[in-house]
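Undergrad: Single-letter residue listing:
Number of protein chains: 2
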Amino acid sequence: MAELDLIRAIARALSPPGERVVRWVGDDAAVIKARPLCVTSIDTVAEGVHFHSATHSPREVGHKALAAALSDLAAMGADTGEAYVSLVLPRAHPHGDALALVEEMAALADRTGTTIAGGDVVSGPGVVVSVCVVGWADSEDELAGRDAAKEGDVVAVTGSLGASGAGLILIEGGSAQGELQEAHRRPQPRLAAGRALARAGVSSMIDLSDGLATDARHLALAGGVRLEIDLESIPVAAGVAEVATGAGLDARTLAVTAGEDYELLVTVPQERWDAATAAARTAGSTLSRLGEVVAGEGVAFREGDGSLREGLRGHEHR
Amino acid sequence: MAELDLIRAIARALSPPGERVVRWVGDDAAVIKARPLCVTSIDTVAEGVHFHSATHSPREVGHKALAAALSDLAAMGADTGEAYVSLVLPRAHPHGDALALVEEMAALADRTGTTIAGGDVVSGPGVVVSVCVVGWADSEDELAGRDAAKEGDVVAVTGSLGASGAGLILIEGGSAQGELQEAHRRPQPRLAAGRALARAGVSSMIDLSDGLATDARHLALAGGVRLEIDLESIPVAAGVAEVATGAGLDARTLAVTAGEDYELLVTVPQERWDAATAAARTAGSTLSRLGEVVAGEGVAFREGDGSLREGLRGHEHR
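Read top to bottom, the protein sequences are chains A and B. Our numbering puts the first residue of the first sequence at 1, with every later residue one more than the last. Our numbering puts the first residue of the second sequence at 319, with every later residue one more than the last.
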């Protein structure tokens with residue numbers, strides 16, 4: 001199959017665009033009818049770093065690349081819009097694998113109301129997938145940034161943590177099937193929860209890609225505050241404790257450092273707490289209170305005995 | 319230097335954003351005040367395919383990656399807006415090289431009124447730069463697509479062709495300095511000409527990245543028409559004939575197949591021809607009449623003796 005045949009096959013794998021799409025795949029650029037605020041992020045996964053062909057199928061790579069990008073829109077509270085996909089493939093790469101990657105990405109796009117509206121397929125030194133996602137909002141009130149955490153705010157997280165990290169341990173140990181493995185391979189961007197929490201008035205929000213320990217530092221740095229988090233409050237996902245024990249790790253430490261859960265970490269003004277928990281519930285999620293925002297800088301984790309632990313880090317910028 | 323230090327250094331290299339930028343680098347996503355139509359394209363350059371570290375400096379790679387992406391906005395007639403950059407670097411890659419790449423990209427962004435509003439730096443199997451560019455327009459009348467060439471339209475091209483291809487031959491032959499080499503290394507997106515031509519009512523437009531022979535086929539296919547082009551009408555750039563002769567090539571064949579000139583190929587309704595040539599001139603460019611749009615399909619080049627030559631191809635989808 002020639003490259004152009006692959007590009008045509010990819011175009012056929014995409015769902016037809018909605019009425020907001022004026023021009024798309026096949027033109028020099030897509031043309032989209034805009035809403036007042038355009039929310040954009042680019043995210044890249046590379047072979048040998050973010051995935052390994054021995055343990056991740058092309059379908060899983062496609063899912064993961066789009067999911068990670070959409071998670072940034074979730075963390076802003078934006079509505080999904082379009083995705084633009086750059087696919088770098090080694091010259092000998094099987095076209096069937098590339099098509100499977102795109103098909104799975106298209107399936108996630110459909111489920112999340114995202115139009116894959118453009119892209120690029122080029123040769124390169126390995127499989128690299130960059131996804132630029134564009135989301136939309138009607139006003140700044142609908143969105144949340146990273147930089148407005150305030151002293152006295154509650155620190156909270158959606159869902160539960162550690163499933164992806166435990167899943168990776170199992171996969172690397174040769175156990176391919178199971179819920180934890182699936183959590184690692186097909187992370188779900190928390191789009192509904194993000195939209196609901198932003199509208200409910202959280203003061204800051206970030207998605208947990210690098211792990212809570214690292215991502216909490218980003219919120220603290222951007223807000224000029226300190227986050228104190230009770231380790232005992234961490235909602236550890238079902239099954240993680242057993243995997244952690246088997247690997248000689250502490251379950252809560254694994255849950256806050258392993259990353260790629262793509263849950264949302266938020267800071268919530270006290271008076272918005274009830275609204276925020278209700279919003280998370282309505283979006284089909286949960287909100288667990290982890291600690292509070294105090295004066296200072298950085299992040300500290302409080303152990304069961306009350307002592308503070310600093311310096312925990314997740315996977316930073318692999 | 320740690321990765322985070324590189325990211326901070328990159329952020330410092332970027333010019334501060336304009337008032338339309340609500341949030342940018344440092345948040346989960348950028349937030350931009352939209353205009354009615356959002357025009358978006360993603361473009362990728364990879365080491366060993368689109369450039370070689372032996373012949374292209376990091377600065378040239380940065381320039382080329384953004385220039386190629388902006389050229390897609392030129393081909394639509396859109397105003398420049400924002401760029402989102404994904405930078406994939408091998409683990410041992412010198413941070414100084416990465417910073418030089420971004421600095422040169424930032425310089426081109428400044429010159430073209432583009433804000434680099436977000437990005438991503440990750441490890442990977444080689445240097446790969448993906449740039450997603452977002453442009454803006456107020457109405458569809460301001461833009462031109464690929465698909466509306468009509469029988470009887472004039473086929474025309476801006477500027478002159480072959481400089482980039484001749485420059486590459488010289489560079490590969492060990493001659494690093496000169497105007498042709500510079501044309502290859504630092505192509506200029508024809509943004510002003512693209513805007514002016516779209517507003518002047520060209521029926522279709524495409525930028526010449528793969529070479530006129532291939533890109534003309536894209537216009538013909540999208541419009542359901544045939545393009546007949548007089549080879550003797552091709553505006554060959556100064557100095558290209560000498561390089562072609564030295565390499566045993568025909569200058570016009572080189573000019574229509576070598577690609578990466580980033581000039582604009584247009585089809586123009588007869589009654590818009592005067593307006594289009596005036597628009598190109600006002601934008602500091604020229605418009606050369608190459609031939610015409612006829613019924614049928616594909617592209618044919620007319621030789622000096624009147625015979626038609628088909629099957630010429632440029633660099634397709636490297």
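Hints are not guaranteed to be accurate.
What the hints assert, rightly or not - Keeping only pairs whose Cα atoms sit at most 30 Å apart, straight-line, the calculated DSSO-like set for lysine-lysine is:
(1) A:K33 to B:K468
(2) B:K468 to A:K150
(3) A:K33 to B:K351
Quick caveat, the hints were computed from the structure, so don't treat them as lab data.
Undergrad: Which of the stated hints cannot be reconciled with the structure, identified by number in ascending sequence?
TA: The structure conflicts with hint 2 only, although it agrees with all the remaining ones.
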